[in-house]
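Work the whole structure out from these sequences, hints included.
Number of protein chains: 2
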Amino acid sequence: MKTLYIIPSLISEGNKDLFFPPNNLTFIKNTEAFFVENLRTARRFLRYLDNTFPIDDKHFLELNKHYDNHDAVINLLKDNRYRTYGIISEAGYPGIADPGSFIVKKAHELNIKVIPLTGPSSLFMALSSSGLNGQNFCFHGYLPVKSPALFKKIKQLEIDSKKHQKTQIFIETPYRNQALFEMLTKTLQEDTLLCIACDIGSAREFIYTQPVKNWKKQKVDIHKRPAVFLLQAGN
Amino acid sequence: MKTLYIIPSLISEGNKDLFFPPNNLTFIKNTEAFFVENLRTARRFLRYLDNTFPIDDKHFLELNKHYDNHDAVINLLKDNRYRTYGIISEAGYPGIADPGSFIVKKAHELNIKVIPLTGPSSLFMALSSSGLNGQNFCFHGYLPVKSPALFKKIKQLEIDSKKHQKTQIFIETPYRNQALFEMLTKTLQEDTLLCIACDIGSAREFIYTQPVKNWKKQKVDIHKRPAVFLLQAGN
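One line per chain: the protein sequences are A and B, in this order.
The first sequence begins at 122 in the numbering used here and counts up by one.
The second sequence begins at 122 in the numbering used here and counts up by one.
No wet-lab data here; the hints were simulated from the structure.
Since we're looking at a predicted model, the values are computed, not measured.
Careful: at least some of the hints might be erroneous.
With a straight-line cut-off of 20 Å between C-alpha atoms, the simulated SDA-like cross-links for lysine to any residue are [stated by the list, open to error]:
(1) B/K137 <-> A/F148
(2) A/K234 <-> B/N335
(3) A/K234 <-> B/Q339
(4) A/K137 <-> B/N144
(5) A/K284 <-> B/F291
(6) A/K276 <-> B/L131
(7) B/K234 <-> A/F327
(8) B/K227 <-> A/G355
(9) A/K199 <-> B/Q331
(10) A/K123 <-> B/E326
(11) A/K273 <-> B/H285
(12) A/K273 <-> B/K284
In structure tokens form, the structure reads like this:
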């Protein structure tokens, strides 16, 4: 039976012993063909795991700008030359907060066994470290960029959170983080808990949860720094 | 500054090199006081990581039946004898799909630095391996046990999934898994995608996504086996 490994990659620079179980490398070395979001990042990641990694022996399909290239994905999954596949996204856990899940979906359709390896995911590390409800939570991806749609969405997330004691999780492109933060503190109620999990896994990591009224009193610099936002209302 | 480590634990038996980055042990050895869901499981986990782990030098607060014992948690977090804390839940990632998040919440209130270690989480391994939408998803914990409340909830999750292209994730106590599966196949539409991720991380692991109409034709044995259920409608 063919196998597809879900291969978590780096979310920040650092010693690999901080992020990856040693056996991941064994599985990755056995992998014949890789679906990668970005070829350069994927090669760099494989060399980081093992600087003698036999990159030239492997087949790569880059999907960076071609997420709609379903034919190429299907052809590779059906290719009889390969028994073992891997999927590596740009950062963290493939298929979570990134558009790569259709490869896994196709694998299921083609009766390929899917096996997840362990590794870092900024979303779940943020949730676990937030102290907010991990028994009922939603991830919304990116919020609308512009007000009033953004304003309306934040309000709606807060009401929904209060009603169901639910943690709301979302992200933003790093250069808009500071603007989103300002909008959140302006829009949310004073006692709504807001968590910012920034630069997870790196030496600059900070993860901090407090009521909006406290965030307002504080200088926060998350400009161009990868961050996950979490909120829970009605505590 | 005091520090609280989020310490992922085992989700299934197996070689530790499959699940844990080597450096986790360094952080855990430095930890002076542990919040644990179950003392016996936690001790066994620490011995599994390192059979010479100095368990007797550490302080443990067991929360198994005392999740409401907020005073004990606060007292320990304030205790001047300790600088480094850890939180270990019964299985997998603390604070996700378990009730331990209030310890982390208190840590934030007391200005204790929270640092997540990397490790296995059955929820996100299931999501990533499902091929379902990982850019918009909700975790609902346990669904209602009895029909018609269960029937109504499943219907509602399906409609909501279709409307927002959202992945719905939920769990059940293992001895009720089979009954939930029957109810799902009876209630959901034929073309709704259902993923069952069972015994994640173990030799018996299977993760499989297919339309409900295909599940109906198949004999499935998930009785008393830990499983995560995921669905996405309207594909």
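Could you grab the alpha-carbon distance between A/K273 and B/H285 and see if it respects the 20 Å cut-off? Holds, at about 17 Å.
Does B/K284 lie within 20 Å of A/K273 when you go C-alpha to C-alpha? holds, 19 Å
Are A/K234 and B/N335 close enough, with their CA atoms no more than 20 Å apart? With a Cα-Cα distance of about 17 Å, the restraint between A/K234 and B/N335 holds, given a limit of 20 Å.
Would the pair A/K284 and B/F291 pass a check requiring their Cα atoms to be no farther apart than 20 Å? holds, 19 Å
Proposed proximity, A/F327 with B/K234 (alpha carbon, max 20 Å): holds, 8 Å
Holds or violated: are the alpha carbons of B/K227 and A/G355 at most 20 Å from each other? holds, 16 Å
Just to be careful, I want the Cα atoms of A/K234 and B/Q339 compared with a cutoff of 20 Å; is the pair within it? Answer holds: A/K234 to B/Q339 is near 17 Å, not above 20 Å.
Tell me if the straight-line CA distance from A/K123 to B/E326 falls inside 20 Å. holds, 15 Å
Below or equal to 20 Å on CA atoms is what counts here, so check A/K137 against B/N144. holds, 9 Å
Given hint A/F148 paired with B/K137 - CA-CA distance at most 20 Å: Since the Cα atoms of B/K137 and A/F148 sit roughly 15 Å apart, the hinted pair holds (cutoff 20 Å).
Could you grab the alpha-carbon distance between A/K276 and B/L131 and see if it respects the 20 Å cut-off? violated, 38 Å
Holds or violated: A/K199 with B/Q331, Cα cutoff 20 Å? holds, 18 Å
Taken one by one, the earlier hints fail for this structure only at number 6.
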